[in-house]
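Given the coordinates of chain A, assemble chains B, C and D onto it according to the supplied hints.
One-letter residues, chain by chain:
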Amino acid sequence: MDSALIPEGADRCSFPKFAIGICIVGAVALWGVYAMFLCWFKGLNQTNMNDYYGFALWIWADLAVIAVGGGAFFTGLLKYIFNVDELKNIINFAVIIGFICYSSALLILAIDIGQPLRGWFIFWHANVHSMLTEVAFCLSCYFAVLTIEFIPNLLENRQANKVPFFRHLAHNMHGVMAIFAATGAFLSFFHQGSLGGVAGVMYGRPFAVREGLLIWPWTFFLFTWSAAAFGPCFTLLVTWITEVVTGKKLVKDNVVHLLAKISGWMITTYIIAKIIDTIYWAYVTAPSLGFKMSHFYTNNSFYGYWILITEIVVCGVIPGILLLNKSTRENSTTRWIAIVLGVIGVCLNRWVMVLQIMAVPVMSFDTWALYVPSWQEVATTVLPVAYGIIFIAITYRYLPVFPQERELNHTKLEQ
Amino acid sequence: MIQDKKEHKFGMVIDLDKCTGCGSCMVSCMSENNIPFKEDESRKKDSITWMRVYKLTNGKSFPDIQIAYLPRPCQHCSGKGGHGHSPCVSVCPATATDYGYDTGIVSQIYTRCFGCRYCMGACPYHARYFNWWDPEWPAGQEKYLSPNVSPRMRGVVEKCSLCYHRYQAARDKAYYEGRDDIEESEYQTACTTACPAGAIVFGDLNDPSHMVHQIVKPDPHPDPMNKYVVDKSRNPKVFRLLERLGTNTKIYYLSEREWVRKAGDNYLDGEWDKVKNHHGSSSK
Amino acid sequence: MFPFNFEWVWDIAHVIFFGALWYSLAILGAGMAFVIVKSAMDTMNDSGEPHH
Amino acid sequence: MKVDRRSFLGLGLGAVAGVVVSPVGLKLTDDSSIWTQNWPWTPVPVDGEVSYDSSVCNLCPGNCGISVRKIADRPVKIEGLAGYPINDGGACLHGIAGLQYLYDPARVKTPLIKKGDKFEKISWEDAITLVAGKLANIRKGGAPQKLACITDKTQGSVPKLFDRFLTAFGSPNLYTMPSLESCLELTAQTLHGNGNTLGFDLENSDFILSFGAGLIEGWGSPVSCFKANASRKKRGAKLYQIEPRLSNTAACADKWIPIKPGTEADLALGICAVMIKNNQFNSSTFKDGFNRFAIMVRNKYAPAKVAGICGIKVADIEKIAGQFVMAKRPLAIPGRGRGRNGQSLKEFAAVHTLNCLVGNLNQRGGAFVMAKNDYLSFPEAILDGVAEVGAGQEKLAGSVDEFVTKLNAAGKPIVDALFVYNANPCYSLNEPKRVKQAFKKVPFVVSFSSFLDETAMEADVILPMNTFLERTEDVPSQAGLTKNVVGLIRPVLKPVFDTKDPGDALIFLARALGGSIAQNFDWETYADCLGDVTAGIWDSLSENGHVLVPPKPFKEFFEGPPDVDFTFLATNPSTVQAQGDFGLTLIPIDNMRLLGAMPADSPFAIKTVSDKVLIGKDIVVEINPQTARGLKDGGDALLTTPVGAARVKVNFNEGIMPGVLGMVRGLGHTFDNKFVSNKGVNVNDLIGPQIESGSGLDAAFGIKAKISKV
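Chains as they are written, first to last, in the numbering used here: chain A, 1 to 415; chain B, 416 to 699; chain C, 700 to 751; chain D, 752 to 1461.
The following block holds chain A by itself, in its conformation from the complex:
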């Protein structure tokens, strides 16, 4: 019944099947929307946050989706600025994932603040010294860039493309996309960085604080670097999931291998920097403030050394090596292990840089603060996931997202 909208030559499941799938995920999304409205109308008392845990699950989710959404800017940068042409086969999807991640991040922020109707004060009364101001501006601007990058793909829909203006617009936008991508990369660099800066500048929090370059603490660069490193992992992961769900090969192996290789290099360089940063922090920064490293890791079983080892070794060093090594990179099992570990690693890093900071006491007579999110927090955090699934399902169904789809699946049909 919706065949007129489906890209030419593409094979899609029947509409009822599609609709049922959307409904199931939609129900989860509605649950999240309900929780979202509870938070808006009743206030943040719906959460389990408290004055010690002012940043909690949402901010972690926010940082995590932005980190994994970093695939969009980095792939865009490689494609449009460094002219890595193979990436044109995955750039559309990277942009869509980025779009989902960034729109989710903005939504989460709108729920997270105590006075959503005054949220625009962050722009209007901007304090240029705050990392969060930098985040807000760059995030919204970069979201605009992602929207711009997404528009041509949207206009390639079979029906939209029939409108001459849209067809021309899509064509012309492709023409100047490098400029947008460059601006996007610039903005992205700063907001990924300033998200890292958010933690690093908190000099009242020895667990978070880092020294740095000019006004930017080292976490600024580590966050940008890790987003660029792990973002492509997430793009590949979602592509793979989409391939599994649709039962079709959508991107050629050489493209996947290329992105995985780039990611491997990025991860490896990042993790070396991260290890150096951690050692410097543990042996110089924190002790200079009177803290032994064990203070941060030995009070309770949740925030133990395991978290540090998991983040850096298991989910950093290992995926780096697996993706750098040609044989493990091109072996799909080891590649997927690396990619999944990588995505977990960057999410864990963001968790540590939000929640563990809040948990650690600073005053010698203060206590650890542990927290378990309320269902409203969980529901609103699941909401973006449901929204992302629906968004991908719809875009995949109606837009020519994967340029290689036809070629790959024709071959299959012919065989």
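These are calculated hints, taken from the structure and not from any lab test. None of these values were measured; they are calculated from a predicted model. The C-beta atom is built at its ideal place from N, Cα and C for all residues, glycine as well. One or more hints might be untrue.
Stated by the list, open to error - Using 16 Å as the maximum straight-line C-alpha spacing, the simulated EDC-like pairs for lysine to aspartate or glutamate come out as follows:
1) B/K470 - D/D1362
2) D/K1363 - B/D455
3) B/K459 - D/D1362
4) D/K1368 - B/D455
5) A/K42 - B/E551
6) D/K1368 - D/D1387
7) D/K1363 - D/D1387
Claimed, not checked - Partial chain B-side listing against chain A, Cβ under 8 Å, derived:
8) I482
9) Y514
10) F545
Below, chains B, C and D alone, put in the same frame as chain A:
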């Protein structure tokens, strides 16, 4: 607009040997500043207490245990090097909290705050509180609210203002009387005047005639051991909370008891014995 | 975010921060304006030809 | 015009673009933020002229001077009154939070009458008529002594008016709630003769030996004690604190001497024994029984024995005695915690005997034996025939606790009507459930109360009283002060509800009864009465808000050291032991942040309570980890005593003696105020009364208990 010619730096010194933990300062603050209350205030991590009294122990067992109480208002940090970049002020994205260079007071504008809580994360003293709930008073009780401090709405951060409205009132009075400046006694915070033990001394740290200056004797030179630390006390019995972080708080504490002074900051093993006698030795 | 907001100061921080911001926004705005105008012109040029 | 899909689309997009570009969005955004800044449900306090009223706080026996800041005639803040002889500007948290009582959710707003299980509103006229009718019937029965009354204190014109009412009515059955003052009066009476009370010159002593007196836990006149304590450091005065738990007082003392609960009297007598043995005492004013006393302590309170009883070292007893004797101005003070509940005369007398032995009586920095306040001069009471009959009757009991016991024990009602004024015995006496039972046995209970508290709930009629901010009253200082200050409570605002001053309610009632009772209350209002009965000091009282009575310098006032009578102690009255035979001892803890009795706490006070005392609805019990086998710090437990059991949370505290459980006093209210009630348990529910023979005091300092994990 009334402008003081002089630059003040209001601060406090709290004598922890006099403090009895009675709670007068907490309630005086609540009453002065229209602080709301709710059914369950036993969860201290979401209980708005601009002035909170912590109980400290020396960690020993019976019968050698000792306890002390430490009242903790907002510490009104002047930030690294004393330049006004307090941990919270520097991070607030909407300029809703600001450092008063003429008073040293860290302000909070409730109607501008949009509740991102970054300042709370940045504050190691947990001096900042979020209005998780709409403030509600039992019927009639809103009649005792003071118009000098506006009640806060849900979803914003609040904290101790060193009773800034009292400073304004004192300044207005001085202006009407044609005086340039206010007397020490004219501007005292609600916790200071309430303390039945007289443990809190409040005044202008920049004014040598003020008692707080005489007790604290702030060192005009940066600490040679940490360039970020300024206004360190030259009184060996006086310390600040988490001084090593370079927050440069303006709330000083006084105690004869070594273990109490040690509890004010974090020290690596053996470090305290090296630094304990260095208090105030940075400048003669 | 504008010089007429009262917290605005003409210091280096504001100049760099908002300089970069408005510059980026200008690029995006100009770029979009350019492609929209160009596409509109292209569409008008097309309209002489019969539809396919 | 044909609207095809394309033009429709175009139109739609155009409209959207139009709205986006138009100022509507900006305007709405701006308006919505302005709305959030002015939410109609966030109150905006009215501004206006600032003024200050001074008055006196009567929330506790401290009676501090207060200054009330008003804006546009609305009181907005209570602070200590500078220059007031008791507190000189200081204030405690309860006084500062006083405004909350005005609008307390549990306030009685109009007279109430109980119909079935519920209270209904009734007019003052109807209420008074009803009460007068019931009382008239009692008189008609010819047994006027069957009206009883419980008040909070004995001093001041309002308690005296209740006394006068009972006298005119013909009943001797007036009881007061346990208090430090009554213990001190009893002690003074026992050792120095009738009409005296004791005061302690804490400000000038250089060595305070405190037998558990919570100098900064609310003992005596709290702010005055805070100030005295704060000045110790400067004066170089030492404080030794003797008690089983590291209280705040013990924490700020120079030395904490933990002893087993309830052995204070033993230790005091043990120190006496050491002093007598070493001949370190001043016997010039000793009157009766000293020799017998000396022999008794030598035999019964030898240090070795006392050390065993108290759980301390012999050397420590000798050291304490030595330091006490060597001090220039030593002072021993009795009264565990606030000195109010669970006190024994033996203990007070034993501790005060240290003062007598060391010879500090009526000396600077010592203990003062002072005549009771007598600034009031009421006209001679007029008794009619019925009253004469009642006047000849014996009082039913020696103390309020004994009174309650007798009410319960009797088959038939021994009292036909009961007045309760400003007291909450159904909460603050030990084992309140027995008090409630006793109340149920009284056919007619009238509560004169500002709050619908546990006791008011048991009443048949509630006459609502003005709070201290709405009333006029004279309040003489007591509470162990050496100063004799009469303060004047003055209304700072008109009554918020339909309430009256207690004096006015009594005058109203007397008038309704008519006859000689009305003649005894021949005043238009209570204010007139107050002017009359304080005639001698009224002018300066009303002008200054307080009077020092008598305003003489202290040497003239305290004429030399008083005589000391040892006969009571010489008989070695038995020491009250904790009830039951469980292994641990539960003791109540007086905490400055909780008033512990009347009135219940303000929401602000509850807000200050530590999470080591109250977590959610659970009370936290302190236990030394050594004793806490099988328990978890922060875990749940069941606390059982011979009288009751309660679910509690456990807090491991190194500052409490092994074998002792500490539970705060003042929680567990059950009336209707969600900010204050249904939080934790009332420790009194777990402790049974232990009447001390002789004094009639409920001397239960604690009770045996066991605790187990649940």
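Hint check:
1. B/K470 - D/D1362: 11 Å, holds
2. D/K1363 - B/D455: Given that 16 Å is the threshold and the Cα spacing comes to 14 Å, the pair holds.
3. B/K459 - D/D1362: 7 Å, holds
4. D/K1368 - B/D455: 8 Å, holds
5. A/K42 - B/E551: 14 Å, holds
6. D/K1368 - D/D1387: 12 Å, holds
7. D/K1363 - D/D1387: 13 Å, holds
8. I482: Result: violated, 11 Å to nearest chain A Cβ.
9. Y514: Cβ of B/Y514 sits 11 Å from chain A, so the hint is violated.
10. F545: Because about 6 Å separates B/F545 from the closest Cβ in chain A, which is inside the 8 Å limit, the hint holds.
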